[in-house]
Structures are given as structure tokens and as C-alpha cells.
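Keeping their order, the protein sequence lines are chains B and A. Heads up, the first sequence is in our numbering, so the first residue is -6 and it goes up one at a time. Heads up, the second sequence is in our numbering, so the first residue is 202 and it goes up one at a time.
Please note that the accuracy of each hint is not assured.
[Claimed, not checked] Quick list of in silico lysine to any residue cross-link-like pairs, SDA-like style, CA-CA up to 20 Å: (1) B:K201 to A:R232; (2) B:K201 to B:P178; (3) B:K20 to A:P230; (4) B:K201 to A:T245.
[What the hints assert, rightly or not] Partial chain A-side listing against chain B, Cβ under 8 Å, derived: (5) F229; (6) W231; (7) R232; (8) R234; (9) Y242.
The set of hints was computed from the structure by calculation and includes no laboratory data. Beta carbons: idealized from backbone N, C-alpha and C, even for Gly.
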Amino acid sequence: MAQGYRLVHVAGYGVNGVAYYAAIWEKRAGPPWQARHGLTGGQYQQTFNQLSQQGYRIRRVSGYFVAGAPYYAAIWEQRSGPPLQARHGLSGAGYQQFFDRMLAQGYRLDWVSGYQLGDDAHYAAIWEQRSGAPFQARHGMTAPDYQQTFNQMSAQQYRLRHVCGYSVLGLPYFAAIWEQRAGPPWEAHHNMTGAQYQQTFDRLVSGKGYRLTDVSGYDAGGQAVYAAIWEQA
Amino acid sequence: MQITRRAVLLGASSLALTPTALFAASPFPWRARHGMLAQEYQATFG
């Protein structure tokens, strides 16, 4: 990437046994950052521990399933901040349990990534102990569940802050975070083929001056599809 | 705000997972790419 651009988002996804990546870079000042991809769970934990000792905080994590094995891509920033907790390899029940525990301790979910591990959905997530706009999070949603929840949240003025599409045993699921706050106009779309994603990108970015804030890829019947959020720049 | 519910297109054969470089001006310049293979993603780190 051209000089001065910093990686602010990465999503890994496996399609037909091949790992692919979607990423967003921004050209702006900021703290030092580091990124890794293709890490096993053990390597991710080891890197996490090493970078934590150097003052790096995890900013993004993406779990993805390729050829029968889970991998992780992540971004760290060297900066201070509120207390942070990150976990990976959580089952759906384990994630919910930890989510509830974090909520009781004043942590808010900052990021979540769903992915297949074995035959089940698992989650990697980041929590921060800080205040902020009311938020709601859901995971394990099918596409109809996601649409229904999206509509309900929209009716309550919740904005979609993050959505992660992921595939488990060939079926698409969604994990998402909504925040109840004002902000610029935005759009979110899911289950877009690569061509549809590109068309939507062009319509919103070139046509309306929006910028991409979130994108995830996942396998649908052996081809990559995308879920993404755009916001008016 | 809006969201469209799209049917998952199973078996579409015309999709090419070629990396797509995209750029737009905003308060700060930004770029996005998708469909990058590991080596292509690695190459973005220079």
C-alpha cells in the first residue's frame, strides 16, 4: 500500500479451501500499528501476548476457516486506552457467557468475528471497559434473522456499527453490533456477490461520496459473498 | 438508511475473485480491496 496509509480493517475468509482477504486502509496520522494474518490460534495468542508487552492493543480480529482449519488476521495499535479484554475460539454458548460477564463489569463489545471451528460457529471478540452510546449485539443470526433484527434496530434508531458474515457448514450467519446514536447517513448490504459488492461500492462511493467502514467476506455455495457498511464521508 | 435482502446466488459461475483496487476522496484518503490472495495481501505491506 502506498506510503502513509494505515491498515484499519481486515477480514479473512475461506472459499473452496483458499484464503482471501478484504481490507481498508486510511491515509491519516495515528499510532504505530502492526498486522498479522494466517495465524493459527496458538500463533495468534503468542503474537497477542508479545505485542501486548510492547504496548499494542488489539483493534481488529478476524477468524476464518480454510481447508478445515481456523486462522486469524488481526491489527494492533500501540496506544493506551481503557481496560481491554479479547477472546478467541469461544463457542456460541461460551461467547454469550463471556459477553454477559463483560457486560456486568462495564465492558462494551467493540468487535466480534464469527467463523467455523470444527463443525460449529466460534467467535473472536474484543471488549473495552468504557462508556458510550447504548449498544446491542447479536450473533448466530441467519440471513432472515439478521434482516428482521436490522429492521427492528433501525426502528429504534440503532445504527449498524459492525457486521460480520461468516459461513458454517456452508450456511451464512451474521454477528453484528448496533449503536443508538446519531450520525451521517449510512447503508448496509449483505449477501452481495463480488460483482454486486463492486456495483454497490461504486454507487455509494463514486456516486454519493460514502466511504466503506466495514466489510466481511464469507462462503456461499462455493463463492465469496460480502456484507459491508458504508457511511457518508 | 436501508438494507437490501439479497438472495444468495448459488452456483453463479461468472464471478471472478480478482482483487479490485478502489479509491475515494473523503476527509482522509482511503483505499479498500477485496478478494486478495494471501500473497497479494502480504504485498500491500511493501
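*At a threshold of 8 Å, is the proposed contact between R234 (chain A) and chain B supported by beta-carbon distances?*
With Cβ-Cβ at 6 Å, under 8 Å, it holds.
*Is K201 (chain B) within 20 Å of R232 (chain A), Cα to Cα?*
This hinted pair holds, its Cα atoms lying about 16 Å apart.
*Satisfaction of the W231 (chain A) interface hint, Cβ to chain B closer than 8 Å*: 5 Å, holds
*Mind checking the alpha carbons of K201 (chain B) and T245 (chain A) for me, to see if they're no more than 20 Å apart?*
Given that 20 Å is the threshold and the Cα spacing comes to 27 Å, the pair is violated.
*Holds or violated: is the Cβ of R232 (chain A) closer than 8 Å to a Cβ in chain B?*
5 Å, holds
*asked:* For K20 (chain B) and P230 (chain A), compute the direct alpha-carbon distance and say whether it is at most 20 Å.
replied: 5 Å, holds
_The hint names Y242 (chain A) as touching chain B; please verify it with the least Cβ-Cβ distance against 8 Å._
4 Å, holds
*Are K201 (chain B) and P178 (chain B) close enough, with their CA atoms no more than 20 Å apart?*
10 Å, holds
*Per-residue hint verdict: F229 (chain A), partner chain B, C-beta under 8 Å*: 4 Å, holds
In summary, the one numbered hint that this structure violates is 4.
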